[in-house]
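Here the protein sequences come in this chain order: W and B.
The first sequence lines up with residues 1 to 190 when you count with the UniProt record's numbering.
The second sequence lines up with residues 1 to 654 when you count with the UniProt record's numbering.
In case anyone wonders, no lab produced these hints; they're calculated from the structure.
For clarity, every value in this text was computed on a predicted model and none was experimentally measured.
Treat the hints with care, since some could be wrong.
Just the calculated beta-carbon pair ranges, DEER-fashion [what the hints assert, rightly or not]: (1) B/L564 / W/Q122: 45 to 53 Å; (2) W/M49 / B/R589: 41 to 49 Å; (3) B/P425 / W/L144: 55 to 63 Å; (4) B/E600 / W/Q174: 44 to 52 Å; (5) B/G549 / W/D119: 45 to 53 Å; (6) B/L381 / W/E63: 32 to 40 Å; (7) B/I22 / W/G150: 37 to 45 Å; (8) B/R641 / W/G150: 58 to 66 Å; (9) B/Y82 / W/L144: 43 to 51 Å; (10) B/R589 / W/K3: 56 to 64 Å; (11) W/L12 / B/G380: 16 to 24 Å; (12) W/P57 / B/S591: 55 to 63 Å; (13) W/M49 / B/E600: 26 to 34 Å.
Cβ coordinates follow ideal geometry from the N, Cα and C atoms, glycine included.
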Amino acid sequence: MRKVLFYVPLVLFLALALFLLSGLFSDPRERASAALDTALPDFALADLMQPQHIWTPEQLRGEAFLLNVWGTWCPTCNAELGYLTELRSQGVKIVGLYYELPRDPAFDAPFDLAVLQQDVTQKLAQHGNPYQFNILDLQRSLALDLGVSGAPETFIIDANGVVRAHHIGDINPQVWRTKLAPLYQQWSQP
Amino acid sequence: MIVEAGQLALTFAFALSVLLAIVPLYGSFVANQRLLLLAKPLALGQFVFCLLAMLALIYAFRSSDFTVINVAQNSSSTLPWYYQITASFGSHEGSMLLWVLMLAGWTALVAQYSKALPLLLQGRILAILGIILAGFIAFSLFMSNPFERSLPFYPVEGRDLNPLLQDFGMILHPPTLYMGYVGFAVAFAFAIAALMSGRFDSIWARWVRPWALAAWLFLTLGIMLGSWWAYNELGWGGWWFWDPVENASFMPWLAGTALIHSLAVTEKRGTFKSWTVLLALAAFALSLVGAFLVRSGVLVSVHSFATDPGRGMYLLVFLLLVVGGSLLLYGRRMHSVRSQARYQLFSREMLLWGNNIFLLTACLIVFLGTLFPLFHKELGLGSISIGEPFFNQMFYYLTIPFALMLGLAPWVRWKQQQLAPLIKPFSLLALAALTLALGVMASMQTVQANLALMGLLLGAWVGISALAEVTLRIRQFGSVGKGITKLNASHYGMTLAHIGFAVLVVGVAMTKTYTVERDVRMQAGDTAHVAGYDFTLVEVYELNGANFGGQAAELDVRKDGRYLTHLHAEKRFYRIQRTIMTESAVHARLSRDLYVSLGEELPGNAWAMRIQVKPFVRWIWLGGLLMSFGALLALADKRYRRKTSGQPTEPANA
Chain W
1 MRKVLFYVPL VLFLALALFL LSGLFSDPRE RASAALDTAL PDFALADLMQ PQHIWTPEQL
61 RGEAFLLNVW GTWCPTCNAE LGYLTELRSQ GVKIVGLYYE LPRDPAFDAP FDLAVLQQDV
121 TQKLAQHGNP YQFNILDLQR SLALDLGVSG APETFIIDAN GVVRAHHIGD INPQVWRTKL
181 APLYQQWSQP
Chain B
1 MIVEAGQLAL TFAFALSVLL AIVPLYGSFV ANQRLLLLAK PLALGQFVFC LLAMLALIYA
61 FRSSDFTVIN VAQNSSSTLP WYYQITASFG SHEGSMLLWV LMLAGWTALV AQYSKALPLL
121 LQGRILAILG IILAGFIAFS LFMSNPFERS LPFYPVEGRD LNPLLQDFGM ILHPPTLYMG
181 YVGFAVAFAF AIAALMSGRF DSIWARWVRP WALAAWLFLT LGIMLGSWWA YNELGWGGWW
241 FWDPVENASF MPWLAGTALI HSLAVTEKRG TFKSWTVLLA LAAFALSLVG AFLVRSGVLV
301 SVHSFATDPG RGMYLLVFLL LVVGGSLLLY GRRMHSVRSQ ARYQLFSREM LLWGNNIFLL
361 TACLIVFLGT LFPLFHKELG LGSISIGEPF FNQMFYYLTI PFALMLGLAP WVRWKQQQLA
421 PLIKPFSLLA LAALTLALGV MASMQTVQAN LALMGLLLGA WVGISALAEV TLRIRQFGSV
481 GKGITKLNAS HYGMTLAHIG FAVLVVGVAM TKTYTVERDV RMQAGDTAHV AGYDFTLVEV
541 YELNGANFGG QAAELDVRKD GRYLTHLHAE KRFYRIQRTI MTESAVHARL SRDLYVSLGE
601 ELPGNAWAMR IQVKPFVRWI WLGGLLMSFG ALLALADKRY RRKTSGQPTE PANA
């Protein structure tokens, strides 16, 4: 018994080595959204351009679409607008989730919808408008529920309103071809 | 040309280290004295070649030779000369070469200062260091060559050194830290050599002790410098973040601290042998695991190096061979080693055993906290992260019993201690600690904070107890003058290190409790009132440095209307890397730091400023320094330099 005790450190070390080995082959930064394969979280958010219209998950059912998290403040988001517009012309339905940055009451001007709308209109005119419509997530509550860590991020939502895929980073022709197009094909099948 | 010479030197060093790994080891098994005698010249020779390789790399950086990929990616021609030198170990490749050089240096030192050792043991120790060296030099040569050229296409200007690393603390931090990390390789080699021969007496422990102490000294200094650097350079006034890379340096430190205490028992009493050997293996194994974690990209960290699975794979295999092999040897050999000495429940042995338990628990907590996200993910349970609150809370609870024991232990005798004689001095000590702690609290004018009270109490307890104990020992020699000189250096070292720990505990508790932090918007002429100090922004102007631009802010600080000091905070924009860095303004006093960092420019000619008043934050680093000085004093002890001929010497009282 005493003899066996002295092998305990070795056994523990080998177990650790096993974890380290498997850790070598996975990316620690990659995180799956907890919302994956569940229905869209409940929300009631205003449309960015027609704030009197309130969007809820029920209204988004019926057709698969891309939910693209973006903001005019985010250079990468602006850069991908062009390619997304191209995708829209190929018949991909894209809905924007406008991610408004938090404001510091001490330093920042108060939120002004008219200024934001003007900003967005100008950006979309400049780079192309891929969106059917934009949902304004002023308090970032839907983004939080979806596990958004920044912008841009894109989700694929199927016709039943279930979150099927989560992509962190921009969408460019290569990412679309190799990763997102097959998923979109799969989940937009009727 | 010089760069190629460096490459060649490293290749020679590799060849010599392979010989060093094989020849004396073979000699030790066939009892060939001539082969064993080769160990020393081989060890010195490989060090010379490693040094030449490092000098060649520094030359490449100083001459801004951008055909070398490493130089092009981590330096630029506008970089000041001293940062060009430190850039040579700022990258993964360069730091690996520094690591190799440090290891080679330790090996050469062992070769030089181990004349007292039996030839067989000396040969084996150097051969084991040779094995480790060969592994790391091969890694440097084949997996991450610092001399690689990008001919024929090379950039005309380098990408500059990461601005985070352009700081005085960064010049000293990596070399000191690496000295500590690889220093534990010596204790490791001693342990393996002893496992081979099966001899673990107090003489062996006395040989290992100075090496372990020296490594611990450097590691302590290195960690402290890193913390100081983060405080000055990261701009938000923190000094420890529980980042995986910090933890990677903290774990060997905890194991090393346990090791130097356990070694004391093995030297004085001939027990704790299996503990001591295991800790010697663990301290270095944790250094290696740390190197793996930092360089393989298994964990997310703010300062890990660029990742490459090939390198990770190499390090993992190396780790498996070195650590797995040594633990296998441990399992096969250690169970036959018995300790002779007996001791009672209340004795210094038991208290030091408690010290080991607490330090290892702390190490385990850091280990699990650091690696739990990895375990969790690899078991398919999803991603999680473990943050500061977990570690802080765990260390809060661990420190209390640990510090209480620490105040007690130096008073308690070896083998057996009667409780009665200690009751009176300890009641007085406890009373004194309580008075001191409450006195300081009262002067801070708030008594509500229990973390601060606890910290002060424990600090006072450990500090007063250490001072009283050393006074008692001095008195035991008869006269005070005689006692001061008679008491050996390692005893003073211990006392100083324990006081250092007390100072550290007080620093942490006070900073955590009483730091006042305000984010303010300021225009020139505005005054902010923070914790009784008035900070007036005098002006903000444009900066123009060698490789950076940006803004600088000048502030005047007044207290109760009296002018106190002038502060100069910078926000630098490094042009080549296009990154923004804050250079915080710090006005340091033993009792508090004033800390200002310049933030964003706001509309209306105003600036965001972060102003902090941090009481006792200096004590954290002062504690670290005292601990290092303690180790230095202990190293100066005469008994490590006495020629040991084989028989145990003086009956010890330290």
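These are the hints, each one checked on the structure:
1. B/L564 / W/Q122: 45 to 53 Å: holds, 50 Å
2. W/M49 / B/R589: 41 to 49 Å: violated, 58 Å
3. B/P425 / W/L144: 55 to 63 Å: holds, 59 Å
4. B/E600 / W/Q174: 44 to 52 Å: violated, 35 Å
5. B/G549 / W/D119: 45 to 53 Å: violated, 30 Å
6. B/L381 / W/E63: 32 to 40 Å: Once the Cβ atoms are compared, 34 Å apart, the range 32 to 40 Å for W/E63 and B/L381 holds.
7. B/I22 / W/G150: 37 to 45 Å: Between B/I22 and W/G150, where Cβ atoms are some 53 Å apart, the hint is violated.
8. B/R641 / W/G150: 58 to 66 Å: holds, 60 Å
9. B/Y82 / W/L144: 43 to 51 Å: Since B/Y82 and W/L144 have Cβ atoms about 46 Å apart, the given range 43 to 51 Å holds.
10. B/R589 / W/K3: 56 to 64 Å: Distance hint for B/R589, W/K3 holds at roughly 58 Å.
11. W/L12 / B/G380: 16 to 24 Å: holds, 21 Å
12. W/P57 / B/S591: 55 to 63 Å: holds, 58 Å
13. W/M49 / B/E600: 26 to 34 Å: Holds: the Cβ-Cβ distance is about 31 Å, inside 26 to 34 Å.
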